[in-house]
Amino acid sequence: MSNLVKIENGIAAVASDDWTLVQLPATQVEERKQAGKVVLFKLTGENVVTEEQIANTVIPTSGKIIVPLSVFIERNNEFANRIAKGEVGIWLATHELLEYLIQQLPDLNTLPIIAVFVERFADGRIFSLGTLLRTRYDYKNELRAFGDVLRDQLFFLKRSGFTSFVIRQDRSAQDAIASLNDFSKPYQGAVDNPQPVFKRYNRGV
Amino acid sequence: MYKYDEIDQQIVDERVVQYRDQVRRYLAKELTEEEFRPLRLQNGLYIQRHAPMLRIAVPYGMLSSKQLRKLGDIAKKYDKGYGHFSTRQNLQLNWPKLEETPDILAELATVEMHAIQTSGNCIRNITTDQFVGVAPDEVIDPRAMAEIIRQWSTFHPEFALLPRKFKIAVSGTKQDRAIVQAHDVGLEFYRDANNQVAVKVWVGGGLGRTPILGSVVREHLDWQHALTYCEAIIRVYNLHGRRDNMYKARIKILVKALGINEFRNQVEAEWTHLKDGANTITEAELARVAKHFEAMPYENLPANNASFDAAIASNPAFAAWVKRCVHPHKQSGYRAVTLSLKPHGQAPGDITSEQMWAVADLADEFSFGELRSSHEQNLILADVKLSDLLPLWEKARANGLATPNIGLLTDIICCPGGDFCSLANAKSIPIAKAIQNKFDDLDYLHDIGDIELNISGCMNACGHHHVGHIGILGVDKDGSEWYQVTIGGKQGNDASIGSVIGPSFSAEEMPGVVQKLIEVYIKERTPEERFIDTVRRIGVVPFKAHVYAKDEVVA
Numbered sequence: 001m002s003n004l005v006k007i008e009n010g011i012a013a014v015a016s017d018d019w020t021l022v023q024l025p026a027t028q029v030e031e032r033k034q035a036g037k038v039v040l041f042k043l044t045g046e047n048v049v050t051e052e053q054i055a056n057t058v059i060p061t062s063g064k065i066i067v068p069l070s071v072f073i074e075r076n077n078e079f080a081n082r083i084a085k086g087e088v089g090i091w092l093a094t095h096e097l098l099e100y101l102i103q104q105l106p107d108l109n110t111l112p113i114i115a116v117f118v119e120r121f122a123d124g125r126i127f128s129l130g131t132l133l134r135t136r137y138d139y140k141n142e143l144r145a146f147g148d149v150l151r152d153q154l155f156f157l158k159r160s161g162f163t164s165f166v167i168r169q170d171r172s173a174q175d176a177i178a179s180l181n182d183f184s185k186p187y188q189g190a191v192d193n194p195q196p197v198f199k200r201y202n203r204g205v
Numbered sequence: 206m207y208k209y210d211e212i213d214q215q216i217v218d219e220r221v222v223q224y225r226d227q228v229r230r231y232l233a234k235e236l237t238e239e240e241f242r243p244l245r246l247q248n249g250l251y252i253q254r255h256a257p258m259l260r261i262a263v264p265y266g267m268l269s270s271k272q273l274r275k276l277g278d279i280a281k282k283y284d285k286g287y288g289h290f291s292t293r294q295n296l297q298l299n300w301p302k303l304e305e306t307p308d309i310l311a312e313l314a315t316v317e318m319h320a321i322q323t324s325g326n327c328i329r330n331i332t333t334d335q336f337v338g339v340a341p342d343e344v345i346d347p348r349a350m351a352e353i354i355r356q357w358s359t360f361h362p363e364f365a366l367l368p369r370k371f372k373i374a375v376s377g378t379k380q381d382r383a384i385v386q387a388h389d390v391g392l393e394f395y396r397d398a399n400n401q402v403a404v405k406v407w408v409g410g411g412l413g414r415t416p417i418l419g420s421v422v423r424e425h426l427d428w429q430h431a432l433t434y435c436e437a438i439i440r441v442y443n444l445h446g447r448r449d450n451m452y453k454a455r456i457k458i459l460v461k462a463l464g465i466n467e468f469r470n471q472v473e474a475e476w477t478h479l480k481d482g483a484n485t486i487t488e489a490e491l492a493r494v495a496k497h498f499e500a501m502p503y504e505n506l507p508a509n510n511a512s513f514d515a516a517i518a519s520n521p522a523f524a525a526w527v528k529r530c531v532h533p534h535k536q537s538g539y540r541a542v543t544l545s546l547k548p549h550g551q552a553p554g555d556i557t558s559e560q561m562w563a564v565a566d567l568a569d570e571f572s573f574g575e576l577r578s579s580h581e582q583n584l585i586l587a588d589v590k591l592s593d594l595l596p597l598w599e600k601a602r603a604n605g606l607a608t609p610n611i612g613l614l615t616d617i618i619c620c621p622g623g624d625f626c627s628l629a630n631a632k633s634i635p636i637a638k639a640i641q642n643k644f645d646d647l648d649y650l651h652d653i654g655d656i657e658l659n660i661s662g663c664m665n666a667c668g669h670h671h672v673g674h675i676g677i678l679g680v681d682k683d684g685s686e687w688y689q690v691t692i693g694g695k696q697g698n699d700a701s702i703g704s705v706i707g708p709s710f711s712a713e714e715m716p717g718v719v720q721k722l723i724e725v726y727i728k729e730r731t732p733e734e735r736f737i738d739t740v741r742r743i744g745v746v747p748f749k750a751h752v753y754a755k756d757e758v759v760a
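Sequence order for the protein chains is H and W. Here this note's numbering is used: the first sequence runs in plain steps of one and ends on residue 205. Here this note's numbering is used: the second sequence runs in plain steps of one and ends on residue 760.
Next comes chain H alone, as it looks inside the complex (with noise of 0.2 Å):
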């Protein structure tokens, strides 16, 4: 069953999803620790992408398609006339650049979907990616997040820009739903409502 999100037209709704998230393969992960304990997130500009990873990730040949944004770039003309029906998306984990994209593919709005992967709902950079994508590369199609993604940052990751959102498997999507609105009326300007509050109203004098 769908575990997806998707704000159309401002209302908020659980969707089917056509798409297919493309993974890559597993591979053998070297335990790190910092003083003794399991470091728990990777470093923005970290490279874990093995080249074997991207050599042996196993792409579907028919169907609507979110590739790894390494593989989107190492593997480009494999897919070339894809990318121009508007079958292919890219996913990129919080840790990795979206310089990396931005020099593959001036151009974001080539793309039906971009998708954010969050390891860990704790890990806020995802909230960087989505204003960036939004506000410095114009970035106007559907901007997703998955992973662990859990309903009490659902309100920061819709200010942010995001318009979809995976719920993690183990929770309902329905009731994810009602934090999207946890607040009527925030400060600042964000994303979704570019304008600080005290610009959207006239609070006196």
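Just so you know, the hints here were simulated from the structure itself, not pulled from any lab data. All values derive from a computational prediction rather than experimental measurement. From the three backbone atoms N, C-alpha and C, an ideal C-beta is built for every residue, glycine too. Fair warning: there could be bad hints in the mix.
[Stated by the list, open to error] When the alpha-carbon atoms are kept at most 25 Å apart in a straight line, the in silico BS3-like pairs for lysine-lysine are as follows:
| hint | chain 1 | residue 1 | chain 2 | residue 2 |
| --- | --- | --- | --- | --- |
| 1 | W | K480 | H | K140 |
| 2 | H | K33 | W | K405 |
| 3 | H | K42 | W | K453 |
| 4 | W | K302 | W | K234 |
| 5 | W | K638 | H | K185 |
| 6 | W | K370 | W | K453 |
| 7 | W | K208 | H | K199 |
| 8 | W | K461 | H | K33 |
| 9 | W | K461 | W | K638 |
| 10 | W | K749 | W | K695 |
| 11 | H | K37 | W | K721 |
| 12 | W | K461 | W | K405 |
| 13 | H | K37 | W | K461 |
| 14 | H | K140 | H | K64 |
| 15 | W | K682 | W | K721 |
| 16 | H | K42 | W | K695 |
[Stated by the list, open to error] So these bits of chain W aren't anywhere near chain H, every CB distance computed over 10 Å:
| hint | residue |
| --- | --- |
| 17 | Q215 |
| 18 | R220 |
| 19 | S358 |
| 20 | R440 |
| 21 | K461 |
| 22 | A489 |
| 23 | S592 |
| 24 | K728 |
Using the hints provided, position chain W relative to the given structure of chain H.
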């Protein structure tokens, strides 16, 4: 002070609803411990040794008598009848029940208060000088900007989950009293060569386990750009700050790793996109908020008052209190007053419900119904007439709020420590009490003069021990509690980080160690010197030699 309009009120009301549902889901096991943790922290709720601790926001230290009265009611109804003012000017309750915290927030919302972002990896309470608006050396009253920053940082979506906590201080005085150099971002407001309000922006300061004073990232910023410039700084930090190791996750580590020049280049590059954007502050918005901070309706009074002078001459106890607890005011005939929350033998910063109610009454009677909390963990009545000082003193004294020790050795800054805090390595409050009891002779205290003693129960440094003239840090050695001593730390424009004098001490040794440090000072000082000046002049060595001379301590 700032009064909520419907928009502000709606936000805190909606927060209560949101938080109540989060607690409900946690208790119903729909949220795991790990998932609930950042949610409760961003509402100031810690799980402590004995019970949860709830930290209530006091934005830039400003309180109304009505709010303080409500805090007293809440401490009585939901806690053990007392609260604790922290070094970030907030109020902490040490014994609330988790199930009742939504009700506490609902009560707070009725007096325009909340606990939003008082903990967690987000932008925390904005702090400033407790004499803001009344200090004679003030150039700019930064409260309107502090309020504008508070609103902007409240639920800022992009910065909701930063690598680590993020603290901003603002200051508008020649003599910095807000320790702007010890904050993630310090905003120092001043008038530039064209007499326009400008901001000097400090970044990357902080105490904690790696104490570093901030660097200037920008010497001159027009005030209109304060928010967008902060956005540029925090965006660079959010994207590139370390998240793999919480001890290296503060912005100071990023600034050190990149170097201030490269960090500045990245911030400036980011800011070219944000400058003049929608979050640029308008004249109209500044004027709207500033209206809440206009001067009080002062009477025109002469600079002197005969009855006050007579009381000083005839009443030594009153005179001693005036000397330590009464501060100059920009308005003729007025003074600011510190109510000491440091009576000897009590936990620094603690205040009972009865005292909160009493202070609220004093604020109503003598100071336009407003008061402030200070990062030194005292309360301030900012606008008291000279002629009212004597009756104020009498009433404050009757409530245990007039210990004449402000700025003296027993005005100790102290975190809750191992008695309450689950992060602490060692207890801090019993050390403070033992030192206060050792130095209970007021004449001796006055002779020692201006000195700051700061105690933290662990390297998170909530007691700001690095910037204490004498700093005491609780450390854990093989499961037992020890105390490391630093001297020569200082807050202010010429801030410095203290130097460790040597191997650490047991709790029992600590009052004696402080005694020996003071002995060296008394022996070496020139007539004009404060403790810190002597340390700076003669260095650590003579102090170290005397402290470790006999009773050699094995570390």
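Evaluation of the provided hints:
| no. | hint | result |
| --- | --- | --- |
| 1 | W:K480 <-> H:K140 | 22 Å, holds |
| 2 | H:K33 <-> W:K405 | 39 Å, violated |
| 3 | H:K42 <-> W:K453 | 14 Å, holds |
| 4 | W:K302 <-> W:K234 | 17 Å, holds |
| 5 | W:K638 <-> H:K185 | 47 Å, violated |
| 6 | W:K370 <-> W:K453 | 12 Å, holds |
| 7 | W:K208 <-> H:K199 | 19 Å, holds |
| 8 | W:K461 <-> H:K33 | 22 Å, holds |
| 9 | W:K461 <-> W:K638 | 38 Å, violated |
| 10 | W:K749 <-> W:K695 | 19 Å, holds |
| 11 | H:K37 <-> W:K721 | 41 Å, violated |
| 12 | W:K461 <-> W:K405 | 19 Å, holds |
| 13 | H:K37 <-> W:K461 | 23 Å, holds |
| 14 | H:K140 <-> H:K64 | 18 Å, holds |
| 15 | W:K682 <-> W:K721 | 24 Å, holds |
| 16 | H:K42 <-> W:K695 | 37 Å, violated |
| 17 | Q215 | 6 Å, violated |
| 18 | R220 | 8 Å, violated |
| 19 | S358 | 8 Å, violated |
| 20 | R440 | 5 Å, violated |
| 21 | K461 | 16 Å, holds |
| 22 | A489 | 7 Å, violated |
| 23 | S592 | 35 Å, holds |
| 24 | K728 | 43 Å, holds |
Checked against the numbered hints given earlier, the structure breaks hints 2, 5, 9, 11, 16, 17, 18, 19, 20, 22 and satisfies all the rest.
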